[in-house]
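Protein chains: 2
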Amino acid sequence: MPRTAFFVSGRTGITAEMLGHSLISQFDDEVSFRRITLPYIDTPEKVEAALAQIREQARTDGCKPVVFSTFINEETRARFFIPEAVTLDMFETFIKPLEEELGVQSSHTAGRAHGIANFEEYQTRLDAVNYSMSHDDGGISRNLSDADIILIGVSRAGKTPTCLYLALQYGIKAANYPITPEDFAAHTLPRALMPLRNKLFGISISPERLAQIRHARKPDSQYASAEICKREVEEAELLMRQAGIPFLNTTSLSIEELATTIMHRTGMKRRVY
Amino acid sequence: MPRTAFFVSGRTGITAEMLGHSLISQFDDEVSFRRITLPYIDTPEKVEAALAQIREQARTDGCKPVVFSTFINEETRARFFIPEAVTLDMFETFIKPLEEELGVQSSHTAGRAHGIANFEEYQTRLDAVNYSMSHDDGGISRNLSDADIILIGVSRAGKTPTCLYLALQYGIKAANYPITPEDFAAHTLPRALMPLRNKLFGISISPERLAQIRHARKPDSQYASAEICKREVEEAELLMRQAGIPFLNTTSLSIEELATTIMHRTGMKRRVY
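For the record, the sequence lines run as chains P and G.
Take the first sequence: its position 42, counting from 1, is numbered 45 in the numbering used here, and each next residue is one higher.
Take the second sequence: its position 64, counting from 1, is numbered 67 in the numbering used here, and each next residue is one higher.
Simulated from the structure, these hints should not be mistaken for lab results.
Predicted, not measured: the structure shown is a model, and the values here were computed from it.
Among the clues, some could well be false.
Which copy? The list can't say, so a pair holds if one copy fits it or any two copies do.
As the list claims (entries may be wrong) - In silico DMTMM-like links for lysine to aspartate or glutamate, alpha-carbon gap of 20 Å or less: (1) K221 to D149; (2) K67 to E103; (3) K233 to E124; (4) K221 to D130; (5) K67 to E77; (6) K99 to D149; (7) K99 to D32; (8) K67 to D223; (9) K233 to D151; (10) K67 to E51; (11) K221 to D151.
One chain only, chain P, in its complex shape (with noise of 0.2 Å):
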């Protein structure tokens, strides 16, 4: 059975993206569901639209779509309850109870959740994105001391992309360092960490997957090869446990997963929502 899920907003569309992607994924097992994102209905115009549009998903699909849908304005977030469709809109159901336990109407802003409102917080952001960049792979051993957290593990572990994540998500100067061959000859860390052994979070992973991943990047390079991704990832983890660092595994985790695991177990605090 085919079926559509609109996500509609006034804004960027992302709360209701990953509203309803939260929801509907609840149902993969059953309902197959084509996704359509709608941002920026901000006119009349848009919204009759963005209507006719689902009235004729609707038609073509011989069943409602399911519309999430995140309209500030009462007016038009109305316009969508329409009997073509499921509509489930998150002020319409959440915003009531709380002005009533908050004693305090609701400013009905659009645009407050990603918007560049507070200054501050941009710049803050930006200025991680730029440390994090500058600082990935072992780039630059300066400032090293800057970083909130610097991850380490052995190359291609995916430590890069948690990196980036921390520092676009949460504001988190996030720096990684590669764990090579010639730390596990001297048995011992990077002597660059040494002295920020307080900031280092290990990453590894499966010796499997990291061989997967290195050979679609060295095709058949000894680099990829089971032996060595075995050898590697084993040295780097008992290097770690001696150090006393706490490490994840990669290959049943999601980059969100990751990420959020780091920021809880390090008690690290978002700088920007």
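For chain P, the structure is supplied; the task is to place chain G on it using the hints.
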């Protein structure tokens, strides 16, 4: 009046945070919220500890905390509806109408939204991040034609974070390429970009904001001077207009707004959710 918002989840808590943040930012003018995320509440002990923390906070604040929760498990979810707090749970509210319309039961599986369920999607995301990292700031011209999009603009206009966001969140291979004084002198876009004109999207910025950002990076340099910034922005916009390249001004847009607007205007589709 001090208030506390809790974001509570059996998994990452990302959906609860976004939902809650969207809602409470509607009350920003009147209520100042302390935000506490309690992720990975996945054992009876952690449930008890979280409930104790919420109750304690209610006593300290002298008013009810708002609890934004996303529990798939009905029993756990029910535990958080306590008289000492106002609890808003996304699944409690929205799963029922969805089950009714779809005619199937939800899977009640936690971690669907931000887990690694789909390995192929994860790989797409990693590839996009790697691509965008190695094609930052005109870094490699090689394989530039593999880009889904190439952001262009003067140095420090905000290309890099937007590219990284597109890669991480949407799995889009986003390169970026600077427009420099050399290009202004030649009255033309960089030669490497000529054959890729249909992939180009411009990022512009107000000269004042650009000077501020450049000044933070290289204090009192000519590069950061008001005159140079004004001239560069004017010339870059002129080049983009002449070449028919669409562009956005980052001065009043957040990274999310830039990214979603670019997706929307170009008609690119998310590769990952």
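Cross-check of the supplied hints:
1. K221 to D149: between (33 Å within a copy, 18 Å between copies)
2. K67 to E103: Between copies only: 12 Å across chains, 33 Å inside a chain, cut-off 20 Å.
3. K233 to E124: neither (42 Å within a copy, 25 Å between copies)
4. K221 to D130: between (33 Å within a copy, 14 Å between copies)
5. K67 to E77: neither (23 Å within a copy, 27 Å between copies)
6. K99 to D149: neither (44 Å within a copy, 48 Å between copies)
7. K99 to D32: between (34 Å within a copy, 17 Å between copies)
8. K67 to D223: neither (51 Å within a copy, 60 Å between copies)
9. K233 to D151: neither (30 Å within a copy, 35 Å between copies)
10. K67 to E51: within (18 Å within a copy, 41 Å between copies)
11. K221 to D151: neither (32 Å within a copy, 23 Å between copies)
Figure legend: structure checked against the earlier numbered hints; hints not met, in rising order: 3, 5, 6, 8, 9, 11.
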